[in-house]
Structure formats: C-alpha cells, structure tokens
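J.: Quick note: the sequence shown uses my numbering, first residue 107, plus one each step.
It is worth saying that the hints were derived from the structure and are not from the lab. Be a bit skeptical, because a hint or two may be false.
To be verified - Between beta-carbon pairs, the in silico distance windows are:
hint	residue 1	residue 2	range
1	A120	S147	43 to 53 Å
2	S147	M109	25 to 35 Å
3	P127	S147	41 to 51 Å
4	I143	S108	58 to 68 Å
5	S147	P125	51 to 61 Å
We treat Cβ as the ideally placed atom computed from N, Cα and C, and that holds for glycine.
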Amino acid sequence: MSMTVFFSALDNIALTAVPVPAAAWLFGSALAGLGWIRRRSAGDALPTSS
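Produce the complete structure using the sequences and hints provided.
T.: Below, the structure written as structure tokens:
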C-alpha cells in the first residue's frame, strides 16, 4: 500500500513580522513582578543565626 501526499497549497508562503500584542507584554511584566515579590519575600523568611 502506498500513499502520496501533495502539499501544493504550501508552495508560496510569505513570512511577515507580526508585532507582539500589548497583552503579552502586560502578562510578561506581571509574571516578572510576581516572581520578584516571591523571591524577595522568600529571602525575608530565612532565619538569622545571630
């Protein structure tokens, strides 16, 4: 049994630059802020040896 597949519709694809939506920047900065807050609060929870 043989199978032949032709992708003639994919011959002429033009790639263009697409700008990142503002929502992606907002989501990324929110994740970075939450990570910074978590890291900062984790440093405060460490016991001191003095």
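J.: Now tell me if each hint is right for this structure.
T.: Hint by hint, here is what the structure shows:
1. As the Cβ distance of A120 to S147 is approximately 49 Å, the hint placing it in 43 to 53 Å holds.
2. Between S147 and M109 the Cβ separation comes to about 58 Å, which falls outside the hinted range of 25 to 35 Å.
3. Against the hinted window of 41 to 51 Å, the Cβ-Cβ separation of P127 and S147 comes to about 31 Å, which falls outside the hint.
4. A hinted range of 58 to 68 Å holds for the C-beta pair I143 and S108, which are about 60 Å apart.
5. S147 and P125 have their C-beta atoms about 35 Å apart, which leaves the hinted 51 to 61 Å range violated.
Of the numbered hints given earlier, the model fails hints 2, 3 and 5; all others are met.
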